[in-house]
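There are 2 protein chains.
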Amino acid sequence: MNIVLLSGGSGKRLWPLSNEIRSKQFIRLFKTDHDAYESMVQRVYRQIKTVDSQATVTIATSKAQVSAIHNQLGEKVGICMEPCRRDTFPAVALAAAYLTDVQGIDPQETVVVCPVDPYVEDDYFEMLKSLSDQAGKGEANLVLMGIEPTYPSEKYGYIIPKSAEQISFVDTFKEKPSADVAKEYISKGALWNGGVFAFKLQYVLDKAHELIDFTDYHDLYEKYETLTGISFDYAVVEKEKKIQVMRFGGQWKDLGTWNTLTEAMPDAVIGKGILNDNCEGVNIINEMDVPVLAMGLHDVVISASPAGILVSDKEQSSYIKPYVDSIVQQVMFAEKSWGSYQVIDVEDSSMTIKVTLNAGHSMNYHSHKNRDEVWVVLSGTGKTIVDGREKCVQSGDVVTMRAGCRHTVIADTELKMIEVQLGEAISVEDKQKYELRVEEK
Amino acid sequence: MNIVLLSGGSGKRLWPLSNEIRSKQFIRLFKTDHDAYESMVQRVYRQIKTVDSQATVTIATSKAQVSAIHNQLGEKVGICMEPCRRDTFPAVALAAAYLTDVQGIDPQETVVVCPVDPYVEDDYFEMLKSLSDQAGKGEANLVLMGIEPTYPSEKYGYIIPKSAEQISFVDTFKEKPSADVAKEYISKGALWNGGVFAFKLQYVLDKAHELIDFTDYHDLYEKYETLTGISFDYAVVEKEKKIQVMRFGGQWKDLGTWNTLTEAMPDAVIGKGILNDNCEGVNIINEMDVPVLAMGLHDVVISASPAGILVSDKEQSSYIKPYVDSIVQQVMFAEKSWGSYQVIDVEDSSMTIKVTLNAGHSMNYHSHKNRDEVWVVLSGTGKTIVDGREKCVQSGDVVTMRAGCRHTVIADTELKMIEVQLGEAISVEDKQKYELRVEEK
Numbered sequence: 086m087n088i089v090l091l092s093g094g095s096g097k098r099l100w101p102l103s104n105e106i107r108s109k110q111f112i113r114l115f116k117t118d119h120d121a122y123e124s125m126v127q128r129v130y131r132q133i134k135t136v137d138s139q140a141t142v143t144i145a146t147s148k149a150q151v152s153a154i155h156n157q158l159g160e161k162v163g164i165c166m167e168p169c170r171r172d173t174f175p176a177v178a179l180a181a182a183y184l185t186d187v188q189g190i191d192p193q194e195t196v197v198v199c200p201v202d203p204y205v206e207d208d209y210f211e212m213l214k215s216l217s218d219q220a221g222k223g224e225a226n227l228v229l230m231g232i233e234p235t236y237p238s239e240k241y242g243y244i245i246p247k248s249a250e251q252i253s254f255v256d257t258f259k260e261k262p263s264a265d266v267a268k269e270y271i272s273k274g275a276l277w278n279g280g281v282f283a284f285k286l287q288y289v290l291d292k293a294h295e296l297i298d299f300t301d302y303h304d305l306y307e308k309y310e311t312l313t314g315i316s317f318d319y320a321v322v323e324k325e326k327k328i329q330v331m332r333f334g335g336q337w338k339d340l341g342t343w344n345t346l347t348e349a350m351p352d353a354v355i356g357k358g359i360l361n362d363n364c365e366g367v368n369i370i371n372e373m374d375v376p377v378l379a380m381g382l383h384d385v386v387i388s389a390s391p392a393g394i395l396v397s398d399k400e401q402s403s404y405i406k407p408y409v410d411s412i413v414q415q416v417m418f419a420e421k422s423w424g425s426y427q428v429i430d431v432e433d434s435s436m437t438i439k440v441t442l443n444a445g446h447s448m449n450y451h452s453h454k455n456r457d458e459v460w461v462v463l464s465g466t467g468k469t470i471v472d473g474r475e476k477c478v479q480s481g482d483v484v485t486m487r488a489g490c491r492h493t494v495i496a497d498t499e500l501k502m503i504e505v506q507l508g509e510a511i512s513v514e515d516k517q518k519y520e521l522r523v524e525e526k
Numbered sequence: 086m087n088i089v090l091l092s093g094g095s096g097k098r099l100w101p102l103s104n105e106i107r108s109k110q111f112i113r114l115f116k117t118d119h120d121a122y123e124s125m126v127q128r129v130y131r132q133i134k135t136v137d138s139q140a141t142v143t144i145a146t147s148k149a150q151v152s153a154i155h156n157q158l159g160e161k162v163g164i165c166m167e168p169c170r171r172d173t174f175p176a177v178a179l180a181a182a183y184l185t186d187v188q189g190i191d192p193q194e195t196v197v198v199c200p201v202d203p204y205v206e207d208d209y210f211e212m213l214k215s216l217s218d219q220a221g222k223g224e225a226n227l228v229l230m231g232i233e234p235t236y237p238s239e240k241y242g243y244i245i246p247k248s249a250e251q252i253s254f255v256d257t258f259k260e261k262p263s264a265d266v267a268k269e270y271i272s273k274g275a276l277w278n279g280g281v282f283a284f285k286l287q288y289v290l291d292k293a294h295e296l297i298d299f300t301d302y303h304d305l306y307e308k309y310e311t312l313t314g315i316s317f318d319y320a321v322v323e324k325e326k327k328i329q330v331m332r333f334g335g336q337w338k339d340l341g342t343w344n345t346l347t348e349a350m351p352d353a354v355i356g357k358g359i360l361n362d363n364c365e366g367v368n369i370i371n372e373m374d375v376p377v378l379a380m381g382l383h384d385v386v387i388s389a390s391p392a393g394i395l396v397s398d399k400e401q402s403s404y405i406k407p408y409v410d411s412i413v414q415q416v417m418f419a420e421k422s423w424g425s426y427q428v429i430d431v432e433d434s435s436m437t438i439k440v441t442l443n444a445g446h447s448m449n450y451h452s453h454k455n456r457d458e459v460w461v462v463l464s465g466t467g468k469t470i471v472d473g474r475e476k477c478v479q480s481g482d483v484v485t486m487r488a489g490c491r492h493t494v495i496a497d498t499e500l501k502m503i504e505v506q507l508g509e510a511i512s513v514e515d516k517q518k519y520e521l522r523v524e525e526k
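Residue numbers (my numbering), protein chains in the order written: chain P, 86 to 526; chain X, 86 to 526.
Worth flagging that the hints you see were computed from the coordinates, not collected in a lab. Hints should not be assumed to be uniformly reliable.
Identical copies carry no separate label here, and so any pair may be met within one copy or between two of them.
What the hints assert, rightly or not - The calculated EDC-like cross-link candidates involving lysine to aspartate or glutamate, where the alpha carbons are at most 16 Å apart (straight line), are:
(1) Lys-327 to Glu-224
(2) Lys-406 to Asp-362
(3) Lys-501 to Asp-433
(4) Lys-285 to Asp-137
(5) Lys-501 to Glu-269
(6) Lys-501 to Glu-432
(7) Lys-240 to Asp-291
Go ahead and model the full structure; you've got the sequences and the hints to work with.
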């Protein structure tokens, strides 16, 4: 099975655990068999590999998420990086070109596209295989998954099938309705449109060439920024006549808000937290080092990270976005391909961060125009290179770097350090990258 | 007026803002005229000086609080430091000896003793003057303040006066009663015992010599640790026949729990915090740099500090102590006589703190046996002395100190720095202090 996972989202609804860099799918909230926590993207990837160990998985995503994906899934996963955000039609077109031109997949093979963030069980991925097989038969150009509704939701689009059979041609599509209208649709056998569909690669390549003037993947990548944003549903699905839907009646949850997310949490408390006996329906998700103590609360979610602290009635938590929009703050933590960092102190003309490099990884060789930096190694061993000069480092070593000087650190073991940034105009934008010449390595 | 303020308390009830070092009276929660925040001890000291600018104020307290008192009230305030905690009779006896032998106050002068943490207005301090004047008349050996009860509290002891006049001899004292019994007392004209009393200095000196074998202040200080803990009420007040009570009907609040404290807060939010429109009766007291967002809560207090995060129903907040007892953690922030520090990162074999030295102040000259340290100066200017060698420092300068080496820093302007502590056994106990020889200064 060839599967493309669409990984988007800005992550404001799950503040303070999500931010511009870390969308909800990267938060480690779900328990694995061995008592650790995994994120949605890790869970989905693991589930796909369980159902089909030979599956080719490609994640279509933005530049901002690439580091986090490599950090969570390793370096081997296929990534189709969008140079900028342009909605789902350009994203699927780029992924189709990537699969053909970069991965060398035969255009006659089938591909399944699905969002990266449904909270589902293995039967969902078995259904994706059926979807793929059905698309391979050629009865229809597109085969959609239709999710059997559990309530008259106003949040989803609806698919009205021609029949109530497991596989049916589609009669029509309906936009997100009011609850009353949704009830009417459901009485007519409507299904939720979860944004999952399968097709032969050639079909989407043809559609892409119809609507966009490009030669191959690289050409499309280059002109991506000039494309108009348009959804795959609008550009393709709703116009297609030869289109089928397959019913899915298994568990399917869209964990987009704290309210729905906490329902799927295996433990009431993740991280350091205490609930007293008078708490009912309270969840604590605490990514800070210090404890949260909750007393006498009902149906409340408490979430803390280096970015801030949310305390919300669960129902109310779905209205969080405008409040988060009003909070102007820099990114306080991030996962990078080489490890992670966290801001631990901010002053007018300094910022102090804690950096964790994974064993065998290194930062880019880079310099800053407007700030000096000091590294103090806390633990681990590695090598720093500053203006071409190598130095082995370990706990207690200090490296000072003036503005303009080129520097990197390479971790032999996991390496933790404090980085003090000093200057009047500290910004993540102030970064110039360089190739490390061989004699510098 | 000579006034002794008793400053005690371990501060668990106002976790996470209070801890072993910072009792509730040092938390800056009350608004001053010029829109800054002051602590209870600052508020009380300011109020005393407003009512009687010539008042001699002595704070009887433990060693752990001395730095915070100097930091909040300056170096001029009198401090009678208890070498260890031994309840109020030894504390008052030590204070009486201190006033006589160190401050040189005539034993015929009167002294008023009162707790440092009542939330009151200026009329309370006017009443202290009356109490002092009344004690000076010599009609009684002790003159107590009796607070007119506002409800049948189970938290206070009661004083039953002989008459309902403004000044009356005391008939009897009653221990903390049940609410029903309290109602009965109140119907008989009982008053709350707020622990405020005035006397001629000689009276308490005599009582002290009666019960403790000592010569003068220094002798008493030396043998303080051998004394038995006993309250002044039990040792003196309840046994005294010549004792009067003066009624006080003004505002008097005992802000010992989050529930009562938030009632006195001038603003619903102190620090970075957002309440949405569906919040009612919610207070945020946030000493962290990141925002707290509260949504759809009712009668909840949220408090955050580098030590942790409390989210509690206001009623429930009075039952906090056993939960805080269960949280084992090091002190994460403290005010010192020279400034303050805050723990910003903890690892197995390192700890990183942010240090702020006030202009003109310096740390003790000291060394550590089991840890190396690195200082990175963030802002300000000053001078470091490491094993006798002086160095002027400013933003960006780095000083490294091996275990065993003696070091200090002297701030010319306010000086902020990051201190990284490195070692297997990091402890606040690991500190050896030295005199700075003149040629080193």
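Would you list, in rising numerical order, the hints stated earlier that this structure does not obey? 4, 5 and 7
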